[in-house]
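Asker: Chains as they are written, first to last, in the working numbering: chain A, 1 to 336; chain B, 1001 to 1322; chain C, 2001 to 2304.
If you are wondering where the hints come from, they were derived from the structure by calculation, not from laboratory data. Honestly, I wouldn't trust all of these hints.
With a straight-line Cα cutoff of 30 Å, these simulated DSBU-like cross-link-like pairs (lysine-lysine) come out [as the list claims (entries may be wrong)]: (1) 1007(B) with 1199(B); (2) 34(A) with 82(A); (3) 82(A) with 2189(C); (4) 331(A) with 2189(C); (5) 1005(B) with 1199(B); (6) 1007(B) with 1307(B).
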Amino acid sequence: MSDIRLEARDLAVEFTSRGGDVAVALDGADLTVKTGEIVALVGESGSGKTTLARALTGLQRPARGQVLLDGEPLGYTGKALKAFRRRVQMVLQDPAGALNPRHTVYDSVAEGLRLHGLSRHDPDGRSEEQQVADALSSAGLRPPERLFLRYPHELSGGQRQRVLIAGALALRPDLLIADEPVSSLDASIRGEILALLLRLRSELGLGVLVVTHDLGLAWNIADRTAVMYLGRIVEAGPTEEVLAAPQHPYTQALLSVVPEIERLEPVVLEGEVPDPTHIPSGCRFHPRCPALASGLAAAAGVEDDCHRVPLPVLPASEGHRSACHLVAAQKGTTRV
Amino acid sequence: MSLLKLKGLSVTYRTEEGPLPAVRDVDLTLERGEVVGVAGESGCGKSTLASTVLRLQPSSATVSGQVLVDGEDVLTMRWGDLRALRWAGASIVFQGALHSLNAVRRVGQQIAEPIQLHEPSVGAAEVARRVGDLLEQVGLPASRAASYPHQLSGGQRQRVMIAMALACRPSLVIADEPTTALDVMVQAQVLDVLSGLVKELGVGMMLISHDLSVLADMSDRIAVMYGGRVVEQGPADQLFTDPLHPYTSALSASFPRIGDPAARYAPAGLAGDPPDPRELPPGCSFAPRCSLAIPDCTTAEPPLELKRPGRGVACIRVGESV
Amino acid sequence: MSTTSGTVTLTSRQLARRRRRAARARAWRRFRQNRAGMAGLVVLTVVVLVALLAPVLAPADGLEVTHATGGVLDAPSGEYWLGTDANGRSVLTLLIWGARISLFVGLMATVISMLIGTLVGLTSGYFGGWPGAVLFRLTEWFLVIPFLPLAIVLASVLGRSLVNIVIVIGVTSWPGTALLIRSQVLSIKERPYIERSRALGAGHRHLIGRHLLPNVVPIVFANTTLTVAVAILSETTLSFLGLGDPTRVSWGSMLDDAYGVGAITTGSWWYFVPPGVCVVVVVLSFTLVGQALEEVLNPKLRQR
């Protein structure tokens, strides 16, 4: 089976606030997810990671750019979206709220099947009950029949998350987009859900895009990692390289404050992610950049560029790359 | 004399479905200038523990045992003394700063309130100066006193909560999930503020979190709670890097060390869910999820025993090597 | 495998039915604990039974002025328990038949009001944008127009008939329902499970039918009983003002007649007190039942 690819090409999303300010939540992003691979999209709140995920599932219409599935651009008609969603499914964060409290587990999992007319016309000839049972078992809920008639409030947090995953799996999608799949779960349950995502990848060949603020999660399961800051991907590449040898000063700072990492001197950045209605000029990270503040950028002769020259959108290639004037300059000098 | 000493503390809630033992027989001490971390998952009793220290537990709770703050039992204290303690002796930083601040009052007024109530002789100018100092102590400009809560970000609100807790110069601070729902970078900022306070002001802090890695970073000692009991207790770094109780090991492993090849494609977790305090399993409450469990584990609840110097563990499978 | 799944289906269907039954039983138990609601329900049951059995209890003959047997405004007696009206008809007979009209108008007007209110509230809440804004303005506009003048104008334009009075009350009493439903829809629309359903491929019809309606229906249901009370009161008012159907007896028209023949000045209390008391009791009962239902069906109120 050849790989199926979901691509974002120069995707941008804008929101207009009541005051008329335009917030650029996503300012051009290139990203690819293939079947059989797990990609982590990491960033703080306000980085645009959830907006990118929503745009990739067609839940958010982009202001610019395209979403492509297998090279085909996504149209935004009801019919095109429906066909698209059968192949690209999303698992939302907050499993407590993402299940209708009035629906049983069975109804919640069968909802997608009924929407797509698969209840009666399964390609393998299974009954709706069988499809629901299979989806629940794939999500690690066994025996599935025992859960059919439970209501969401009768389940534990981990079970709810599995029901949500089962609801997505019932459609047998090619790709799964999971938004903070474990952030609201207890630490000891987290591992089980992550192991489930890994298993789905190896057993069903599913491609998974995991949106998270948790770098440990990316290290746990992702093949590739993309780091976002203020609406842009600032660094991306194989997880081992991005997290073990980060290039971008922002990634370095993020990693340094993860409590488990003792080998790094914590670089605590001042302030918070700026307001997306006023994106700084030049490199969008420059007002908080520790490399600029410490004079490293000046020493490399890129200080002016940092303030003035905007960086291009990172292309969605496989290698390790970052959007930083300093990194570009250092690479240049090593080559010379 | 210890700043805080819990002796055999048990808290049971009366509920429609029967008694709910939230905290069971907990012993804990905290000295001045020390940070003790309490780790555990939802429903393990850690938040009940926090509120009981200041006798803030709901009226449906029955409490037994002792909570000694500077040698005085909070549970039997007269109301006037308790008020004085809540204002000046000890304070608590709750999780969810958004809902704990009054939305229609400036944050400066809210920080000033305990000072004005507790020390009515202090003049307005002096109060304003102290509010400014407090804000600077938590890393916010003094001018922020004029802001309303909605004008602040999540991290800034959490700092205001900390400033409020410090307003009357307490010697004991209880921080209940102070960084939950904050981003890593903002979490690092808030944790910096907290550890600065312990170093500079010499307060004793009880830090409660579900995140063992945060506690390992911040605390001197850690107590791990499961099913309402302390199952392991010891120096923070030892407990995180060399856990003895199987639950602590699992908890510690669920926070992977980035860069550790062993954690790649191997997320560690536990099967099953934390126990319902109303229906605790017989014997060790962790036994049903424990990979080391043997039939003996379900016969009696293992006591918290010293298995290594300074390290208490409640598990019959952990050998003694004192 | 297929056989096992077959048996599972059977038992799971049965189980589902049993669970639904249990949920209904639970709601009923909770309703029964509400004494005021139960009192209202008993009164309403009696009134409805009386209205349905009117031809048996009091032959329709008694309504004909030409067949009247009593004297003019006779006081209550053994023969005429509630006395007679100016035409010599039994007030009790009029009262029993009046219940039919009052209840009919109240219920039918409520159905119209609920349909319009649900439709407008759902559309304006769900779709938002300019159509939603227009509908919302329309709702507000209807809400601020004083009810009585509008109803009087409508009633006189449409003419005096039973159907018209139903329409008049129906089209003037929906804005409250519409606002209630709109606010509910606005809040439910933001729930994550709506987004999940969209991500599964749901269109508007599915979202409204499977998620929004089931969540607002209980509120509509509780609101209905309150609206019936208002509608009965409106019918009484309009009939009293002489805008009701002149060919039929309702409690309002009885009050109007009593007023017209000067029953109040002559002290013929048996002519105006019974319909007045009936209106108050029925309206109160509907309100009590409505409040009890709201408490049972709205989990937020239950916690208080």
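Asker: Hint by hint, note whether the structure agrees.
Answerer: Going down the list of hints, with the structure as the test:
| no. | hint | result |
| --- | --- | --- |
| 1 | 1007(B) with 1199(B) | holds, 27 Å |
| 2 | 34(A) with 82(A) | holds, 20 Å |
| 3 | 82(A) with 2189(C) | holds, 20 Å |
| 4 | 331(A) with 2189(C) | violated, 50 Å |
| 5 | 1005(B) with 1199(B) | holds, 21 Å |
| 6 | 1007(B) with 1307(B) | holds, 20 Å |
Hint 4 alone, counting from the list given before, is not met by this structure.
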